Amino acid sequence: MSASGGFQSIEVDVDLTDAGNPSTRLSPTQISAFRKCALRYWFSYLLGWREPPTPALAAGTIVHDTLEGLYRLPQPDRSFENAWAIMGTIGKDLLLKPEYEHLGRGTNRDDVRKRADLALTGYFELEKPTEIEVDLKDIESDVDAELAGVLFHGRLDRRTRKPVDRVTDYKTGKKPTGAPLDDYVQQVMFYAAAINDGSDPGVEEVELLFLPDKQAVRRPVYPAAIERVTEVLVETRTQIDESFKTAKWLAQPSRLCSYCPFKPVCPAHQKTSPPPGSAASQQLLSQTGLQRKISAVAAEPNPLDLLPLELSE
Numbered sequence: 005m006s007a008s009g010g011f012q013s014i015e016v017d018v019d020l021t022d023a024g025n026p027s028t029r030l031s032p033t034q035i036s037a038f039r040k041c042a043l044r045y046w047f048s049y050l051l052g053w054r055e056p057p058t059p060a061l062a063a064g065t066i067v068h069d070t071l072e073g074l075y076r077l078p079q080p081d082r083s084f085e086n087a088w089a090i091m092g093t094i095g096k097d098l099l100l101k102p103e104y105e106h107l108g109r110g111t112n113r114d115d116v117r118k119r120a121d122l123a124l125t126g127y128f129e130l131e132k133p134t135e136i137e138v139d140l141k142d143i144e145s146d147v148d149a150e151l152a153g154v155l156f157h158g159r160l161d162r163r164t165r166k167p168v169d170r171v172t173d174y175k176t177g178k179k180p181t182g183a184p185l186d187d188y189v190q191q192v193m194f195y196a197a198a199i200n201d202g203s204d205p206g207v208e209e210v211e212l213l214f215l216p217d218k219q220a221v222r223r224p225v226y227p228a229a230i231e232r233v234t235e236v237l238v239e240t241r242t243q244i245d246e247s248f249k250t251a252k253w254l255a256q257p258s259r260l261c262s263y264c265p266f267k268p269v270c271p272a273h274q275k276t277s278p279p280p281g282s283a284a285s286q287q288l289l290s291q292t293g294l295q296r297k298i299s300a301v302a303a304e305p306n307p308l309d310l311l312p313l314e315l316s317e
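According to our numbering, the stretch in the sequence shown is residues 5 to 317, in order.
The hints are simulated quantities; they were obtained by calculation from the structure and are not laboratory data.
In this text the structure is predicted, and so the values were computed from the model without any measurement.
Note that beta-carbon positions come from the ideal geometry of N, C-alpha and C, so glycine has one too.
Worth double-checking, as some hints may not be accurate.
Stated by the list, open to error - Have a look at the derived ranges for each label pair, beta carbon to beta carbon:
(1) K275 to E85: 56 to 62 Å
(2) A251 to S83: 51 to 57 Å
(3) A251 to D217: 41 to 47 Å
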């Protein structure tokens, strides 16, 4: 089987000794990660390996939490000055956490600040939060649904219902083009499908806000789009379950491999690498600086842990 771009995909036998079970619910991030490379999904979600937080991850977390805090203020108080103050407090607290400690000094700290400052400034050039009506229940809210028999779970950044019922996703990375942009649109379209499946009046539009670039991408929600993402959800669920049952996961080489933390132990790149999941493979991964969350191997990693820098949020 050939992957896109002329790369050769290979089916890899894995050692399930230390692996957890697949999550019973699929999120947009999980779906995207699996469809990019099933083997990388397995390393991240079933074995629980995580990359240490990067400046991009830290800045993304800080800005998302800042905008959540901003929209919990009354409309007249949603000023840039108040947002800046919120971000200062959130950023200081985040960089004091043990897992972020390495980012709280030197050039790493400067990089986090630069990225967060650029994204927040860009946001205020895109929107005027004092003019946006949003209910508190529509800020950083969980979305759960069962679509065509498959459980879906996600957490949306924001939903506004006037003048258009719209789901908005903040992106603190640069706006991509082509397939990566289509993937982002599909991810946010899953929320529309989940919301519109119930008794809710329904989302009319999805929106991506690329804050550093000060660009908004909007797409209408229509039946064919909902049908398509539902098909993708069902297809992904089936493929994940089959891969787990057979202990065979597809390694899908692409240009993204240049950023993949599992490349040193990936049979698609290292022909003599030990079987993924084996004690020898686990030992090699532990020597690369990755971290393993053994108690939550099927938990949802931060999206930024799974995407290269230029495609991350």
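Hint check results:
1. K275 to E85: 56 to 62 Å: The hint (56 to 62 Å, Cβ to Cβ) holds, given that K275 and E85 are roughly 57 Å apart.
2. A251 to S83: 51 to 57 Å: Given a distance of about 55 Å, which is inside 51 to 57 Å, the answer is holds.
3. A251 to D217: 41 to 47 Å: holds (42 Å)
No hint from the list above goes unmet by this structure.
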